[in-house]
Amino acid sequence: MAENDILKEITEREYKYGFVSLIEQEYAPKGLNEDIIRFIWEKKKEPPFMLEWRLRAFRYWQSMKEPHWAKVEYPPIDYQDIHYYAAPKSFKDKPKSLEEVDPEILRTFEKLGIPLRERERLAGVAVDAVLDSVSVATTFKEKLEELGIIFCSINEAIRNYPDLVQKYLGSVVPYTDNFFAALNSAVFSDGSFVYVPKGVRCPMELSTYFRINASETGQFERTLIIADEGSYVSYLEGCTAPIRDENQLHAAVVELIALKDAEIKYSTVQNWYPGDKEGKGGIYNFVTKRGICLGENSKISWTQVETGSAITWKYPSCILKGDNSVGEFYSIALTNNYQQADTGTKMIHLGKNTRSRIVSKGIAAGFSNNSYRGLVQISKKAVGARNFSQCDSLLLGDKCGAHTFPYIEVNNSSSIVEHEATTSKISDEILFYCNQRGISKEDAIGLIVNGFSREVLNQLPMEFAVEAQKLLSVSLEGSVG
Amino acid sequence: MGFIDNVSALFEKKFSKQICRDEDSERLVFFEKFKELGLPTIKNEDWKYTNLAFLNEINFQLSSCTKAIDTGLVEKYLSFLNGNDKIVVPYINNSIDESFVKPLSSFDYKILRNGSFFANTKLISKFSNFFDSSNPFNFLTLAFSTDSAYLNVNNGFENEIPIILFYLYDFEINTLSNTLSFVEVEEDAKINIIAIFINRSRDKVFANEIINFHLKRNSNVEVNILQFNIDNLVLIDNFNFILESGATLKINTFSLNNYFVRNNLNVLFNEPYGTAFLNGIYFTADDEFVDNHTLVLHNQPNCISDENFRGILDGTGRAVFNGKIYVARDAQKTNAYQSNKNLLLSNDARINTRPQLEIYADDVRCTHGATAGYLDQEMLFYIVSRGISKEKAKSLLLNSFVSENLEKVEQPDLRNFVKELVAKKLNLEDIFFCSAIDELTNASL
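Top to bottom, those sequences are chains A and B. All the letters of the first sequence, read from the start, carry residue numbers 540 to 1020 under my numbering. All the letters of the second sequence, read from the start, carry residue numbers 91 to 535 under my numbering.
Derived from the structure by calculation, the hints contain no laboratory data. Being a predicted model, the structure only gives us computed values, none of them experimental. Any given hint might turn out to be false.
[As the list claims (entries may be wrong)] Computed footprint of chain A on chain B; a stretch qualifies when at least three of its residues, placed anywhere within it, have a C-beta under 8 Å from a C-beta of chain A:
1) 428-437
2) 457-464
[Said to hold, decoys possible] List time: in silico SDA-like cross-link candidates among lysine to any residue, alpha-carbon distance up to 25 Å:
3) A/Lys860 x B/Lys414
4) A/Lys584 x A/Gly570
5) A/Lys610 x B/Thr140
6) B/Lys414 x A/Gln929
Heads up, the beta-carbon is just placed ideally off N, CA and C, and yes, glycines get one too.
Using the sequences provided together with the hints, build the complete structure.
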């Protein structure tokens, strides 16, 4: 199918993943207190150190106030009106193999195009699928185990590799970090865990697929990725949720740790339900993502395509501690209708000769507001550090807003920091040029948006790039003209 | 004692007896507003990098006696004008000394003593017409204001003679100083303003000055803000500009050798087709601090704004740049540019820069850029490889870094003066402008 046909086809489509699967669910009672945390801890059969950790986080969370500095507006969230745990009933005793999994769940992921059965089609990707609060299945486990790579749900990791978890969990994002990180630390129920041993190059893309299904629940997953010396891993994350009138909270925490000479590439295609045309419903996506380049010559690269969620509030960050380490951030944030996005990154340069690169593309349409907020901090000891940031915004329509809030802090003279940003609309000249050559206005806008985002799309692994490209055009629906 | 308690006590002492006067009840309203907002902390986004906590450590008084300043001193500070004609509005120790003022026929000039403008509601609205209502120091100035100047430049007035707002502080105790000025530039008038801040006090002076401008249609105003050798002065100046259709504004700020300076430059396009240029050079060394805080509000379509701030940081100097461009929903065809470049010459220097764009209209062209770093090594190498010494190469690059903004000053005496000051700061013999080089090359061709 030609690119133009794809665009056209999808501009007329509604949110595709909005269906609800009828799966018998087991909930924790609504509300949040120490009993609920004990309930989750018991459900998850975790070792005692986790209960202590969760309770400490919860007590700290109680002393905190919800932050409101981001350029987003939403009615107050009642944290006592949310189920903090929801799991398919059939998971009471975790099924041993895919054959035992409720066929309805398998159908759900099938519908979403996530291959849980290791079939030939996307055989190059190992998937961990998370439905509401639990991990459903992890594929290619054995094959990865041969190389010593651990890829499992964080819950399994807590039980099977408590030493690793205890050492690294909360080391990059401590529960004291912010309001939502504290909440997550207290109630997180599942997520993914990756450990790549020394010198191993992970042969396939690792992927987690998050799905919120139950209503009135919040999803709180936690991802921990550790790349040991000289290793490499590329990790993908995708998310969807059904169409509902209510707003659902998603407060995840992702921690990446890259040791000496290691490289982690983390890609996200976020497509939570964005709410309807009037801005009703949708997911509040309040996520803390941070990676640390602990060792020398390590590298962390974040790529994100943010098209979903009613509100996106996330800043995937890099702490560049090791000398010569590299941090990268590539982002496309697209908002339409009444969506709001306040997203960006933080690059904290601590080590010598550390380098970072930020490329952020914001596209705002409809009545949406799209903000880039980024911090580049060069500490005194980060001699010879280098940063380049570029933030471009594209406005489609005159009812939307695009904002840029960079923070640049430089504390030594041997570093170079550059920031540039532009905001504009698709110029009439370019549109005219395309029209002149027989390309319709709608197609031309699709082309231009694609070209505008190419720099970031190029960073995505192949499997995701196609999906992301389609997503961009879906979300632009109705904003043309 | 904290700063708020300090000023509350001062306010109580000075105005409690007068408050029964109608006009002074206004003061109380403004003071209550100031107290409501309080002293900004670094949690306040507008003051994130500008810590004012040190104000709590100083006990400020209101000026009681005014030292006599003779004309010769003012002339000395203005000697760079080479005795050429000038109009001086001298704010000396918090009060306006009339004896210096040489009135001009096409000028309406009023001095309003001791907050007497509070009796006139029309004037209150003019003096308090600032649009950054989150800045508590605006309210503080209004509450404590002593003398204020009201200038009205008549229709079509056009004169090369610079109007000098001369701020001189010479106190013997830690003092709080607050004055207000309002300059109304009628249609088609063209003026050149130089605002100079000079401190001779050995003790700390906390000066809060409001200077409001209203640029009527097709008027043309150049404002040069000159801050040099102001040790011990904590200066928070608030320049507010309202532009009508076709008005052109040009601001040049030069902050050289300061203790603590915060320049609030606010520009509001109230009608379409306005143009504003904001240029600045700041130089900080040895514990000096300069904060340039600009806000450009594009509330109307078809306006142009262009900001260009250059900073050189040496020693333990610190600088902050916070620029915000706001484009309202209907302000289509806006062109707004912003650039902030910083050179760090020492490892102990610090720069925090925050260029911001907030845009609600689609048919606009807005860009901003910010850089921080040392002199470009590749350029240095290029010059050195052509047989020029490293020192000379450095000075060439420094020259080009500052000359662009220096060149924009239209008043020739002032341009030469600032050029000399900057050259001295950078240990350069002289600063060459691109235009001079162009002329040379044209001549040789």
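Outcome of the hint check:
no., hint, verdict
1, 428-437, "holds (count 5)"
2, 457-464, "holds (count 8)"
3, A/Lys860 x B/Lys414, "violated, 32 Å"
4, A/Lys584 x A/Gly570, "holds, 21 Å"
5, A/Lys610 x B/Thr140, "holds, 22 Å"
6, B/Lys414 x A/Gln929, "holds, 17 Å"
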